[in-house]
Amino acid sequence: MFEYTFQWRQAFRALPQMLEGALVTMQISLLSMALGITIAVLLAVGRNSRSVWLRAPATAWVEVARNTPALFQIYMAHFGLGSFGIYLSPFVALLAGITFNNAGYLCETFRGALRAIPDTQMRAGRSLGMGQAKAFRLIVAPQMFRIAFLPTTNQMVWAILMTSLGVTVGMNTDLTGVTQALNSRTFRTFELFALAGVVYYCIAKAVMLGARLLAWRLFRY
Amino acid sequence: MKFIKFTGALVAAALVAPAASADKLDDIIASGTLRCAVVLDFPPMGSRDANNEPIGFDVDYCNDLAKALDVTAEIVETPFPDRIPALVSGRADVGIASTSDTLERARTVGFTIPYFAFTFNVVTNADAGLQTYEDLADRTVGSVAGTYEAIRLEEDIKKWDKGGSFRSYQSQADVFLALSQGQIDATTVTSTVASAIVQGGKYEGLSMTGEAPYDVDYVGLIALRQEYGLLNYLDLFVNQQVRTGRYQELYEQYIGGDAPRLTVDKVYY
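Note that the protein sequences, when read in sequence, are chains A and B.
Under this note's numbering, the first residue of the first sequence carries the number 1, and numbering increases by one thereafter.
Under this note's numbering, the first residue of the second sequence carries the number 1, and numbering increases by one thereafter.
The set of hints was computed from the structure by calculation and includes no laboratory data.
It cannot be assumed that every hint is accurate.
Unchecked claim - The following label-pair restraints were derived from C-beta to C-beta distances:
#1 B/E53 <-> A/C202: 39 to 49 Å
#2 A/P69 <-> B/G129: 54 to 64 Å
#3 A/T59 <-> B/R48: 51 to 61 Å
#4 B/A50 <-> A/P69: 50 to 60 Å
#5 A/L23 <-> B/V267: 40 to 50 Å
#6 B/E155 <-> A/Q132: 58 to 68 Å
#7 A/L15 <-> B/R48: 37 to 47 Å
#8 A/F72 <-> B/E211: 32 to 42 Å
Computed from a prediction, not measured in an experiment: that's the story for all the values here.
Every residue, glycine too, gets a C-beta built ideally from N, C-alpha and C.
Looking at chain A on its own, in the form it has when it is part of the complex (with noise of 0.2 Å):
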């Protein structure tokens, strides 16, 4: 049975702190998004590589990441390395957690991009001339790019979905962490996380849409 009585104006009141909330959140998630594309390339070649020493550690990374929780790898972090005498910052904390997270994921989107791309295109790169390096940045990566561009966006999505994982290590200026503080004060618990949601699924759409007009601008012929 659900007794509660909604009172939505001290909920839009609030509105102007949480969507300072969400800039902090959009800045998280586009920073672990840079950091974990630019990881994820550097792991989907050494998972493809031929050295056991590239692929091992590469390997190990996408592993962990893909099969342990993001909340996880969070905490550990943030508390984990903080046994040993490493202290992340909340800030830090969520951002290495899902940095690490999305690189693992990203790095199997690009390892797939790459198998879609048929060996012909590096030799052909190759007869022209080119060297390994120029043959995979002129040719190869740009096609791998445009393949795994809409399965990145998905990431992007989840990647601003799991801040809110942030408030396990004492992250407050982020949009979950505000309206939990927002919460504390006021137990308008509801009205609070409604709003937070409604936030959440507008930058969330807003995302979508923006990566679709951007792969409509980049990829029509």
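Got chain A sorted already, so can you dock chain B onto it with the hints?
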């Protein structure tokens, strides 16, 4: 014959018809179970013993209340931020969870008269070199999200504006873990928790560094705001606990010494 039929129909209707809308107090008595939302991360008010059984002042208050109602007590473990959702969603009937009776919260939830009163201490990492509450101004501090002391500490850090920062954690255990690791320099907690933690020796390097200059924090039992029958009953229960000496008895058992007064001078609660 008509009369017999009519009476029969009336009896049948009385047997199958739903009971007239009963209030929460009636529901609890009828169900035979009192579900209390209790924070079990807040010794000595609520915690778990070696057998993982709930113990503490709040747990005993729940048992006393159940006994008074002649029902069985059920402890619903509830973190601090989830006390109201537990009531609203119907997971718990009453919150016996050291809830500070702020006017802002009273807009949402019904409070009883105070059943306990807290004062506060600063607990620091011994390496941080802090002496007074004001020394926290430029430090990284933290407390449990949703508690009175967390709200006060965050307000003061903002007010001082000397480069200090505040972090809110989800449980008291996380705060002490962060403190013992040196991730934060200090926290403010109720004097009851402070002495329990520092003397308990579970976390290394923690020490009490004087009082936090907050007003006495009166805490009430909580129930849904519109449940006047239940709230009236709970008020009388708190009153009876004090006048029968049970409040003092439990205070001595869990904290020691004289239990704090639950009245405010020059005002009728």
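Evaluation of the provided hints:
1. B/E53 <-> A/C202: 39 to 49 Å: holds, 46 Å
2. A/P69 <-> B/G129: 54 to 64 Å: violated, 38 Å
3. A/T59 <-> B/R48: 51 to 61 Å: violated, 41 Å
4. B/A50 <-> A/P69: 50 to 60 Å: This hint is violated: roughly 29 Å between Cβ atoms.
5. A/L23 <-> B/V267: 40 to 50 Å: Between A/L23 and B/V267, where Cβ atoms are some 44 Å apart, the hint holds.
6. B/E155 <-> A/Q132: 58 to 68 Å: holds, 60 Å
7. A/L15 <-> B/R48: 37 to 47 Å: holds, 39 Å
8. A/F72 <-> B/E211: 32 to 42 Å: holds, 38 Å
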